[in-house]
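Novice: Sequence:
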Amino acid sequence: MLALTPWLVLFHILAALWLAGGAFAGAVVRAQTRKAPDLASRVQGMRIGNRLMQVFALPGGITVGILGIALVVPRGIGFQQGWVHASIGLWLLMLGNGVLYLRPWMQKALAEAEASLATGGPTDELKRLTAMKGPRIAADLNALGIVVLTALMVLKPF
Numbered sequence: 001m002l003a004l005t006p007w008l009v010l011f012h013i014l015a016a017l018w019l020a021g022g023a024f025a026g027a028v029v030r031a032q033t034r035k036a037p038d039l040a041s042r043v044q045g046m047r048i049g050n051r052l053m054q055v056f057a058l059p060g061g062i063t064v065g066i067l068g069i070a071l072v073v074p075r076g077i078g079f080q081q082g083w084v085h086a087s088i089g090l091w092l093l094m095l096g097n098g099v100l101y102l103r104p105w106m107q108k109a110l111a112e113a114e115a116s117l118a119t120g121g122p123t124d125e126l127k128r129l130t131a132m133k134g135p136r137i138a139a140d141l142n143a144l145g146i147v148v149l150t151a152l153m154v155l156k157p158f
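Per the working numbering, the sequence shown starts with residue 1, numbered consecutively.
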C-alpha cells in the first residue's frame with residue numbers, strides 16, 4: 001500500500017481540484033445567470049450550472065472524500081485526530097447537501113426552466129424556484145466548506 005500512497009495523494013489533490021472547479025465555477029455561473037437579460041440566457045446558465053454540478057462538483061466531491069479517507073492510515077495519520085473527524089464530518093455534510101438538496105433542486109428548477117422556455121415565458125413555479133435563497137446559500141456553503149477542508153488538511157489544527 002505504501003507504494004501506492006503517492007499516487008493516492010496525487011489523485012486526492014486532482015479530485016480536490018475537480019471538486020473546486022465545479023463549486024467555484026458554479027458560483028460564477030449562478031451570479032451571471034441571475035443577471036441574464038432574458039429567459040433563454042437564464043436557462044442556458046442553469047444548464048451550465050447543472051453540468052458543472054453533474055460533471056465536476058458531485059463526482060469530484062465523492063472521489064476526493066473516498067481518497068482522503070483511504071489516505072488516513074497509509075500516511076500514518078490515523079482516525080484519532082480531531083481534524084480528521086472534523087474533515088470527515090464536514091465532507092459528509094457537504095456531500096449530503098449536494099446529493100440530497102442541491103441536485104434535486106437543480107433538476108426540478110432546470111426542468112421547469114426548460115418547460116418555461118418551451119411556452120415562451122417563465123412560469124410561476126420557475127419564479128418560485130429561482131427566487132429561493134436556500135439553494136444559493138447551500139451552494140456557497142459547500143464552496144466555503146472546500147476552503148475549510150483545505151485549511152484542516154494543511155494546518156491539522158487539532
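It is possible that some hints are incorrect.
Claimed, not checked - Computed cross-link-like contacts, BS3-like style, restricted to lysine-lysine with a CA-CA straight-line distance of at most 27 angstroms: (1) K108 with K35; (2) K156 with K133; (3) K35 with K156; (4) K35 with K127; (5) K127 with K108.
No lab work stands behind these hints: they were computed from the structure.
Novice: With reference to the structure, classify each hint as holding or not holding.
Specialist: A quick look at each hint next to the structure:
no.: 1; hint: K108 with K35; result: holds, 21 angstroms
no.: 2; hint: K156 with K133; result: violated, 33 angstroms
no.: 3; hint: K35 with K156; result: violated, 40 angstroms
no.: 4; hint: K35 with K127; result: holds, 14 angstroms
no.: 5; hint: K127 with K108; result: holds, 12 angstroms
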